[in-house]
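**Student:** Chain by chain, the residues run as shown.
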Amino acid sequence: MNKILTIAIKDVTLAFRDRAALILMLVAPFVLTLGLGAVTGRFSGDTNSGLSNIPVIIVNQDEGEIGEIMVDVFNSEDLDELLEPAFANNVAAARSQVEEDDVAAAVIIPAGFSDSLTADGEPVKIEVYVNPARPVSAGVVQSIVDAFVSRLEVGRVSGQVAVTQLVASGLVAPQNAQAVGEAIGQRQAEAGAENSLITLKRASPSADSESVEFDILAYLAPGMALLFLMYTVSNGGRTILAERHEGTLPRLLTTPTTAAQVLGGKLLGIFFTGLAQVGILILASTLLFGLKWGDPLAVFLLVAAVAAGATGWGSLLAAIAKTPAQVSSAGTAMMLMFGVLGGSFGFNFPLPGWLQIAGKLTPNSWGLEGFTALGTGGALADVVTPIIALLIMAAVLFTIAVALFRRQGWAGR
Amino acid sequence: MNKIFAIAWKDALIRFSSRSELLFFVILPLTFTFIIGGGFSRNQETDNRVRLLVADNANSTLSAEVLDALSKSKTVRAEVMPLAEAEAAFADDGAPALLIIPTGFEVGGQTELELLQAPNNLNAQVAERAVLAVISRVGSALSVANNSVVEAERLQPFASNADRATYFNASLEQAQALFESAPERVEVTEATSAGQPYDPAAQASAGQLITWVFIPLLGISGLFAYERSQGTLRRLLTTPTQKATYLLGTISGQLVIALIQMALLVIFGVFAMGLNWGQSPLALALMLVTFGLAASALGATLGTFIKSEGQASGLSVMLGMSFALMGGCWYPLELFPQAVRTAVQILPTTWAMQGLMDIVLRGQDVAGIMLEATVLTGFAVVFFAVGVWRFKYE
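Protein sequences, first through last, are from chains F and X. Residue numbers are given in this note's numbering: position 25 of the first sequence equals residue 25, and the series is strictly consecutive. Residue numbers are given in this note's numbering: position 243 of the second sequence equals residue 656, and the series is strictly consecutive.
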């Protein structure tokens, strides 16, 4: 056991002395997490998105009060941070600004829009002229216009129904309908009528309601750590072949050290390196970003299971490849493909069922599931399934790798 | 000229000496473009809506309306099942959200729905927005009917609860009919001179093109380290070859390879993803060449700072991925906070992405991308000058 540990510790020391490897083991995931935190607005206080100051231009050609109200909505304090509205009189100039990519959308309120809302008014449409190069911002502007028009519609229907039913039930004479309708409209406007009587209670499987808050970085940071963990394990696998090619492995086998001890030491070294890498990234993100990873014991067990699963892949790669260069290339490809299939890039891409199942073969997928559960208040019991899945993955891959190594002869082909 | 060609050819041979280079040159870039661009769901009738489990414990008229509205949603796919089964599926199958319609959910009764969301799950957020839209739609009619009853009671109290209910139901029916027949009051039109509607695959195609070409062009730094470690750069000292000739040969060789790679990705975008890359071939060519020049000159400059091939490889991947991310190649730049949007103007990837999106989405021609092409050329000149200035044979 001492020999195995000695070999493992030697490999961990070498890995952390290799400045080039450290770039991809620690610096790259950290820098990318930092970048993702910046682009998602995580560091500027907005935890959901960095969307702000959306440039939009409004052309109000309506002579009635509804157009004015809509202009006020776009100028309101509530939308102050989200929108950066400008106003124009010329429709062609506004369209031109959208086409030139100066603004995300133009909102054109046509003449006669207020009048069109009366019972006998001809329908007139507000035009939202959107910039295809800014689909999300344009979508936000569109949703603001939709919400405004929806409220108008509710007000219109509410007044109409109230008056019609009052007249139908004989509570109001038909000749008084208009005056009553105006009074109702006034009351509803003052009350700021609630659009929906149905409410929604949101809940999470976790018992700790405070930790349910969505934190985009709690998803992205583990994703990046797991992405580059695959680099670390394939780099570790590369050292097995490098030792063969450089002749240090056959030399080691001339000492009273068995082949199984050497391989055990090498694999344990990869495992420890992965464990240390993820541990350092967790510690750094906790201290620098205040990220909550959850119950320390459960986090440690999950990290160990993830490192074991990933080491399984690293060892299999080393067992299959013929040269260190092959391990490097295949390892980088594996790292990227596992990242896409396992969700490390922060998005679940639309994949067919068979590829979604294939995603479950990656340590990234199970690791992310576990880290997400823990980061949002879950306990050890919530990550038992990912841990068991990762340990099974490790056991199966180790067994195949050892069988392949044994067939090839420990010291090389 | 012969020297430049010879150096370029030698570098190409070194780079493609291993067949695995094809993996990064064409196989992975195409695979990523296809997956991220939603290639599996293009031209198919596959249902990519977010899965929403629904347990209807009420079985009331109102719950039926909610289910009917959910069935028309463009963003969620409602799967109705008994509560126990839904809870088990939510716990075991990884569904992002479970909507529970409680017993007694009906007009005049309990009107609170419960939504269980998987933590930190982006699809759970999508499901929540869809459910909110549905309850707003269904709830609006209820709200209108309720207001109608309040207005009637203001004038004269109802004789009985049954009268009140009758009045409410009549109001609700009328409100629903009016909402159903309400005219469209908003029209959305898309600005595009080329008549090409927005396609999220365009972002993926342009973004992946930049990412996969940028990283190997930064890898030019590795060629320098390789030559230094082999001692061949020292040997060059003994020949009448100038620094600029060597750098030009190295850069031009990698640039040609990059242009071939970009052409393959563009062709893939056109034929496999149906993207409109070919609106202005001249503008496209100008953008690809200037981006290639800027990236390869940056790689050459990087090569004068690093000490080993390993460092070059690590830095190329790290800087390549970071610059691509911050330049808007992975996520649209419009999502970034204003300060970040301003700061990333110093990256060549930002300008390259802007120019390519101008072409593929906004149908711009040479005049439309001239600013981006000029800035990229400026990057190339500055980086190349720094590279020549700092270049050492040892």
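In case anyone wonders, no lab produced these hints; they're calculated from the structure. The reader is advised that the hints may include incorrect statements.
Straight-line C-alpha distance at most 27 Å; calculated BS3-like pairs for lysine-lysine [stated by the list, open to error]:
id: 1; chain 1: X; residue 1: Lys423; chain 2: X; residue 2: Lys805
id: 2; chain 1: F; residue 1: Lys125; chain 2: X; residue 2: Lys485
id: 3; chain 1: X; residue 1: Lys487; chain 2: F; residue 2: Lys201
id: 4; chain 1: X; residue 1: Lys423; chain 2: F; residue 2: Lys125
Covered, in the sense of this in silico footprint (three residues per stretch, anywhere, with C-beta under 8 Å from a C-beta of chain F), are these stretches of chain X [said to hold, decoys possible]:
id: 5; segment: 463 to 470
id: 6; segment: 540 to 547
id: 7; segment: 656 to 664
id: 8; segment: 680 to 691
None of the values given here were measured: they were computed from a predicted structure. Glycine residues also receive a C-beta, built at the ideal position from the N, C-alpha and C atoms.
**Student:** Hints first: check each against the structure and report whether it holds.
**Tutor:** Consistency of the hints with the structure:
| no. | hint | verdict |
| --- | --- | --- |
| 1 | X:Lys423 to X:Lys805 | holds, 20 Å |
| 2 | F:Lys125 to X:Lys485 | holds, 24 Å |
| 3 | X:Lys487 to F:Lys201 | holds, 22 Å |
| 4 | X:Lys423 to F:Lys125 | violated, 64 Å |
| 5 | 463 to 470 | violated (count 0) |
| 6 | 540 to 547 | holds (count 3) |
| 7 | 656 to 664 | violated (count 0) |
| 8 | 680 to 691 | violated (count 0) |
Violated hints, listed in ascending order, are 4, 5, 7, 8; each of the other numbered hints is respected by the structure.
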